Amino acid sequence: MQNAIQELGWFLLAPTLTILFFFGVLPFFYVVYVSFHSWNPFAVDPNMVFNGADNFRKIVFDPAFLNSVSVTVLFVLFAVISELIVGYLLAQAFMRDFPGKAIFRTIHTLPLIMAPIIVGSVWKLMTTPSIGIIPHYLDEWFGITMNIGTSAPAAFATIVIMDIWHWTPLVTLTLIAALVSLPPDPFEQAQIDGANKRQIFWHITLPMIAPAVVATVFIRLMDALRTVDEVWMLTGGGPGSATRFVGVHIFKEVFPKTNYGYGSTISVIVLYLTIVVCWLLYVTMLAPRSKKD
Amino acid sequence: MANVTIDNVIKRYGSVQVMHGVSVDIEDGEFVVLVGPSGCGKSTLLRMLAGLEEISDGTISIGDRVVNDVPPKERDIAMVFQSYALYPHKTVYDNIGFPLKMAKRPKAEIDEQVTKAAGILDLTKYLKRYPKELSGGQRQRVAMGRAIVRDPQVFLFDEPLSNLDAKLRVTMRIEIKELHQRLGTTIVYVTHDQIEAMTMADKIVVMRDGKVEQIGSPLDLYDNPNNTFVASFIGSPSMNFVHGKIATEAGQKIFLSDSGMKLPLPPTEAQEGRAVTYGVRPEHIQIGDSGVPMEVVVVEPTGSETQIFAKSGKDVIDALVKERISARPQSTLGFVINPDDVHLFDRASEQRI
Numbered sequence: 001m002q003n004a005i006q007e008l009g010w011f012l013l014a015p016t017l018t019i020l021f022f023f024g025v026l027p028f029f030y031v032v033y034v035s036f037h038s039w040n041p042f043a044v045d046p047n048m049v050f051n052g053a054d055n056f057r058k059i060v061f062d063p064a065f066l067n068s069v070s071v072t073v074l075f076v077l078f079a080v081i082s083e084l085i086v087g088y089l090l091a092q093a094f095m096r097d098f099p100g101k102a103i104f105r106t107i108h109t110l111p112l113i114m115a116p117i118i119v120g121s122v123w124k125l126m127t128t129p130s131i132g133i134i135p136h137y138l139d140e141w142f143g144i145t146m147n148i149g150t151s152a153p154a155a156f157a158t159i160v161i162m163d164i165w166h167w168t169p170l171v172t173l174t175l176i177a178a179l180v181s182l183p184p185d186p187f188e189q190a191q192i193d194g195a196n197k198r199q200i201f202w203h204i205t206l207p208m209i210a211p212a213v214v215a216t217v218f219i220r221l222m223d224a225l226r227t228v229d230e231v232w233m234l235t236g237g238g239p240g241s242a243t244r245f246v247g248v249h250i251f252k253e254v255f256p257k258t259n260y261g262y263g264s265t266i267s268v269i270v271l272y273l274t275i276v277v278c279w280l281l282y283v284t285m286l287a288p289r290s291k292k293d
Numbered sequence: 001m002a003n004v005t006i007d008n009v010i011k012r013y014g015s016v017q018v019m020h021g022v023s024v025d026i027e028d029g030e031f032v033v034l035v036g037p038s039g040c041g042k043s044t045l046l047r048m049l050a051g052l053e054e055i056s057d058g059t060i061s062i063g064d065r066v067v068n069d070v071p072p073k074e075r076d077i078a079m080v081f082q083s084y085a086l087y088p089h090k091t092v093y094d095n096i097g098f099p100l101k102m103a104k105r106p107k108a109e110i111d112e113q114v115t116k117a118a119g120i121l122d123l124t125k126y127l128k129r130y131p132k133e134l135s136g137g138q139r140q141r142v143a144m145g146r147a148i149v150r151d152p153q154v155f156l157f158d159e160p161l162s163n164l165d166a167k168l169r170v171t172m173r174i175e176i177k178e179l180h181q182r183l184g185t186t187i188v189y190v191t192h193d194q195i196e197a198m199t200m201a202d203k204i205v206v207m208r209d210g211k212v213e214q215i216g217s218p219l220d221l222y223d224n225p226n227n228t229f230v231a232s233f234i235g236s237p238s239m240n241f242v243h244g245k246i247a248t249e250a251g252q253k254i255f256l257s258d259s260g261m262k263l264p265l266p267p268t269e270a271q272e273g274r275a276v277t278y279g280v281r282p283e284h285i286q287i288g289d290s291g292v293p294m295e296v297v298v299v300e301p302t303g304s305e306t307q308i309f310a311k312s313g314k315d316v317i318d319a320l321v322k323e324r325i326s327a328r329p330q331s332t333l334g335f336v337i338n339p340d341d342v343h344l345f346d347r348a349s350e351q352r353i
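First to last, the protein sequences are chains A and B.
For the first sequence, position 76 (counting from the first letter as 1) is numbered 76 according to the numbering used here, and the numbering increases by one without interruption.
For the second sequence, position 197 (counting from the first letter as 1) is numbered 197 according to the numbering used here, and the numbering increases by one without interruption.
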């Protein structure tokens with residue numbers, strides 16, 4: 001009986017596992033395999049040549065790669081922290097009643113269902129000098145000239161704001177779910193115990209929603225680290241390499257330059273860095289909690 | 001330490017009025033129990049006292065200060081919730097010390113107070129644990145510890161024992177009463193359990209449907225209930241009620257039930273023919289040959305006492321006696337009722353006559 005159930009279970013899982021194997025596991029190991037080779041199919045020698053750890057050695061001293069890592073880290077820091085703060089404030093707002101709440105909540109969630117490539121094109125349209133609405137009004141109202149094609153800070157800031165616009169609703173939704181599920185008693189108790197609003201936030205609310213916050217940060221962090229399409233549409237990594245995030249960097253290395261071997265190496269390293277960052281985050285924020293629970 | 005005055009308090013939720021002018025005077029150091037069935041408004045009243053619910057009308061004062069618009073943190077009260085409301089992410093030590101930490105007291109003082117409270121409540125061993133690692137009774141004590149360190153003017157308890165098992169409930173009941181005797185602080189305690197009310201209170205406030213039915217000492221309520229509601233609520237097992245009217249037999253007033261049972265009456269001014277409800281507590285009925293003959297339905301021996309359910313016509317009466325009686329169902333027993341132990345209520349208004 002037990003065996004029969006297990007067999008049926010594996011049978012039902014088989015299609016998913018097959019797909020996962022061919023489209024997830026296999027390509028992953030293939031990329032790892034390729035990363036130890038020099039391979040440019042459009043070069044004079046189109047063959048895959050094993051070159052040991054050469055690619056990895058090269059990557060450590062590659063200024064273009066190091067630059068892309070630092071811009072990415074900056075972008076992730078700005079974007080994720082802002083999304084957390086704005087998302088929390090919105091979640092708190094949605095916990096209260098105000099006129100037009102339902103409509104506002106719906107509108108606020110809309111960016112989530114848009115494909116990144118669309119978001120990139122829309123923002124491109126909005127920020128292109130002389131036709132975009134944003135540079136137009138910045139100029140008309142404040143006399144500021146904005147050109148994301150020439151100004152690195154403007155391009156970087158626009159991408160951060162675009163990411164906040166696109167992904168804050170996700171943070172809001174998870175934090176609303178976390179806040180709604182909190183028991184009311186400790187908060188009333190804290191009021192009686194003499195805590196003011198700020199103390200209640202730091203001592204009660206934040207620790208109690210910490211698991212949800214950490215989960216959200218994980219999701220946003222991993223997502224933000226591999227942002228490609230929006231940036232590709234909006235700035236193409238420019239001006240110069242100001243918004244050339246690792247994702248864009250890999251894309252440029254692999255597709256226009258057809259440098260498959262080296263591109264794979266960067267991918268592997270970026271995956272490794274992402275895992276390390278997430279693990280550190282987990283250890284510092286969640287592991288001490290699991291002892292308590 | 002302070003007296004508390006609740007004066008004509010009204011609570012409305014939108015257009016629905018749930019509390020209709022409640023007034024209670026609580027003296028300094030008194031142990032007052034608010035008791036009543038679910039939905040009678042006792043918890044709402046306590047929450048208004050704590051400042052967690054707004055007061056729609058009337059005033060509540062703690063000491064000489066009207067606290068209607070004073071936020072909870074400035075009322076100088078401590079509260080123990082039914083759920084204990086411990087902070088799950090803090091250790092026992094941090095839970096107990098939380099009010100002091102919020103008040104920005106020096107670390108040495110917090111340490112001293114927490115250690116002292118833990119000593120009183122026998123929690124010293126558990127200070128480093130988290131609430132999840134404690135039993136129900138221990139959590140309950142942590143919640144009390146958190147209240148004690150405040151040294152508040154008034155303690156509020158919202159059904160603090162209802163999540164504990166029966167045995168622990170008795171122990172904690174005694175501990176809370178001892179604590180009150182030691183600290184001498186005013187306590188307002190909400191419960192739906194009349195035994196808790198009877199055993200702990202200096203003064204009981206019986207509530208129903210957002211109104212106060214009666215206020216008095218436990219024995220006062222037991223001996224002189226104002227109406228059938230209080231009479232049935234206080235005392236366990238509950239008082240017997242028989243519907244009928246006043247009649248005369250051989251020149252003496254007697255009670256004649258709707259199904260024809262005759263019961264003795266105390267001296268009363270009630271007129272013959274008046275519709276009344278006859279109340280007598282099970283523990284006031286004796287078994288004897290001179291009593292009213294009743295047909296036995298069920299006998300429940302508990303060792304120390306025997307509870308006998310018997311009927312006459314459609315009227316069922318239960319008696320609680322010390323003796324061990326082994327009567328068979330359908331046999332006949334005589335129920336002896338001392339007229340002095342009888343309570344008479346008007347049948348329509350349910351008020352005491």
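Treat the hints loosely; a few may be bogus.
No farther apart than 25 Å at their CA atoms in a straight line, the calculated lysine to any residue pairs in the SDA-like style are these [claimed, not checked]: (1) B/107 to A/183; (2) B/128 to A/285; (3) B/128 to A/92; (4) B/90 to A/61; (5) A/252 to A/92; (6) B/101 to A/208; (7) B/73 to A/211; (8) B/90 to A/188; (9) B/311 to B/254; (10) B/132 to A/252; (11) B/73 to A/226.
Keep in mind the hints are simulated off the structure, nothing from the lab.
Computed from a predicted model, the values in this text were never measured in an experiment.
| So which hints don't hold here, by number, going up? | Of the numbered hints given earlier, those the structure breaks are 1, 3, 4, 5, 7, 10 and 11, listed in rising order.
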